[in-house]
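Enquirer: In order, the protein sequence lines correspond to chains C and L.
Under this note's numbering, the first residue of the first sequence is numbered 1, with each subsequent residue one higher.
Under this note's numbering, the first residue of the second sequence is numbered 1, with each subsequent residue one higher.
One should not assume that every hint holds.
For the chain L half of the interface with chain C, some residues (derived, Cβ under 10 angstroms), not all of them [what the hints assert, rightly or not]:
id	residue
1	PHE162
2	GLN171
3	SER183
4	LEU213
5	ILE295
6	SER298
7	SER301
Source of the hints: derived by calculation from the structure; they are not laboratory data.
Glycine included, each C-beta is placed from N, C-alpha and C at the ideal position.
Spelled out from the first residue to the last, the chains are:
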Amino acid sequence: MARILLIDDMAAVRRAIAALLKRGGHEVTEASDGEAGIAAAKASEFDLIITDMLMPKKDGTDVLLAITRFERRPKLLAISGGSGALSETDALRLASLTADATLAKPFDNDTLLRVVERLTGSTRMEQ
Amino acid sequence: MPTSFDNKAASLSAMSEHALAAMLRVAVDASPVCISISDMTSPDAPLIFVNKEFCQTTGYGPHEVIGRNCRFLQGEGTNRDTVSQMRAAIEKREPISVEMMNYRRSGQPFLNRLELAPVFNPALGIDAYVGVQRDITEFRATEATRREREKMEALGRLASGFSHELNNLLQPIMIYGKLLSTSPEVRDAEFTEQMGTIVDCATAAGDVTAKVLRFARSGVASTHPEPISQRLGEAIRMASRLLPAGVSLEVIGLAELERLCTVDSADLLQVFGNLFRNASDAMNGEGRIRVTAFIEGSTLSLSVSDTGPGVPLHVISRLFEPFFSTKPPGQGTGLGLSTAYGIVHGWGGSIAVQNRAGSGAEFILSIPLQQNTEHSEIEPPWHASF
Ligand SMILES: Cc1cc2nc3c(=O)[nH]c(=O)nc-3n(C[C@H](O)[C@H](O)[C@H](O)COP(=O)(O)O)c2cc1C
Ligand SMILES: Nc1ncnc2c1ncn2[C@@H]1O[C@H](COP(=O)(O)OP(=O)(O)O)[C@@H](O)[C@H]1O
Ligand SMILES: [Mg+2]
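Using the sequences plus the hints, can you model the full thing?
Expert: Here you go:
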């Protein structure tokens, strides 16, 4: 079981991912934009923060940069479906400078659960 | 006291008719456009004058054309309606401007932009026509290329905006579909199957957006350098597994290419896979595919040709558009060539198609090779993605 903060501005996507993570046995806190996400991350402790990259107000890059400065930094997973202006590949390439892992949407259920397990489990990720 | 300028002006205005004629003659020959004059008082309006540029452009010497009607430049590609329009205008002694296919002395076609104006002065007994011709073949070709590029860019933007939106929307469908179908409370086999279909379709839709995005994308991560012969050889071998037994594959020139390249294997497989499948479809599973590879300067040229019927001329300009297909529904998605287009352009290269003289289509890829493939960028070791 991992304590996960999930940040995504699209409610339907966020709810679905949260439902999946809960089914996977994890504890999930949701935030609907970068600002709320950073506030939630400061308020309580998480093992993993999953953040969408392209969001209004503060976006994924802001989240990643803010969390990286934390003393006890949770693991970071960036997800993105991209937008007309910025492809998910480019968004995730940017994210990979700070995040521990990246996933392009749409991903399938097993992939997400496996990534979460590897990031939060006892086995450290292969480099 | 008259200045030298005044002297010159005076001498010009006083120029004899003879000197002026000589001056005009030289000026007309120096003109960068074709100039021709036909005498309308003689039967069938023969040419009585052509300038140097006319001879340069058409390849005919003056003695070969003087005395003949200018229609000798026409040929089987000349639009007959345009010719009729010219005839009608000339009969009425009206000016006209047309564009049509003409042929040089060598038989080589060129696109002629022709402007005709009557030269009419009853007092002087003059009834003639002056024609100005321009070879606009190259101009039209570059214009067509530019339009083509703009169209593809617009399609790319559309495809990109569309697909990214869908990527996000598909996510909950996939997640809930799978969650519901595997929910412990559910025992109903029919329900599980129906939810399974939803997930399968959402997954398939995700594949479509990925392919469309591949078309829209430019700039692709490169991988570790490897000899061209090896990386391309591997991709071609894998792609050839898609070919039915009736299609033979011949690869020429690849084995010698030891220079390094960084193009991605999966991308290469996509490109060759699509080209091979199309060729095989076009040949109804019976025929030969030939891949030819060579390097010229810092460009890798690849040609993939088949022995099928070739591409009908009226669809050639639409071939690389996403979703353009001439195949029956269910058989073609029209994404193969647009994907290949996106990938090759992502490499900074280009892909074009032409029909071969005998029969069959030929796809020609030009791929720039990096100057220095020894020190290609390596992924930061601390980043892992899935
Ligand atoms: C001065 C002059 C220049 C012409 N130049 C061309 C030319 O460059 N190419 C061409 O196809 N027709 C040219 N034409 C048109 C043909 O000579 C001819 O008028 C036309 O084909 C229509 O007549 P037809 O139907 O009897 O052939 C020219 C005509 C004139 C009077
Ligand atoms: N080798 C070929 N010979 C003739 N026509 C071809 C060839 N390759 C492609 N085409 C034409 O281009 C169209 C688009 O190809 P593609 O983008 O791969 O989509 P699809 O194969 O799904 O129709 C095909 O439907 C076909 O009409
Ligand atoms: Mg195809």
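Enquirer: Could you run down the list of hints and mark each one as holding or not?
Expert: Right, here's what the structure says about each hint:
{"no.": "1", "hint": "PHE162", "verdict": "holds, 8 angstroms"}
{"no.": "2", "hint": "GLN171", "verdict": "holds, 4 angstroms"}
{"no.": "3", "hint": "SER183", "verdict": "holds, 8 angstroms"}
{"no.": "4", "hint": "LEU213", "verdict": "holds, 7 angstroms"}
{"no.": "5", "hint": "ILE295", "verdict": "violated, 29 angstroms"}
{"no.": "6", "hint": "SER298", "verdict": "violated, 26 angstroms"}
{"no.": "7", "hint": "SER301", "verdict": "violated, 28 angstroms"}
In this structure, the earlier hints numbered 5, 6 and 7 are contradicted, and the remaining ones agree with it.
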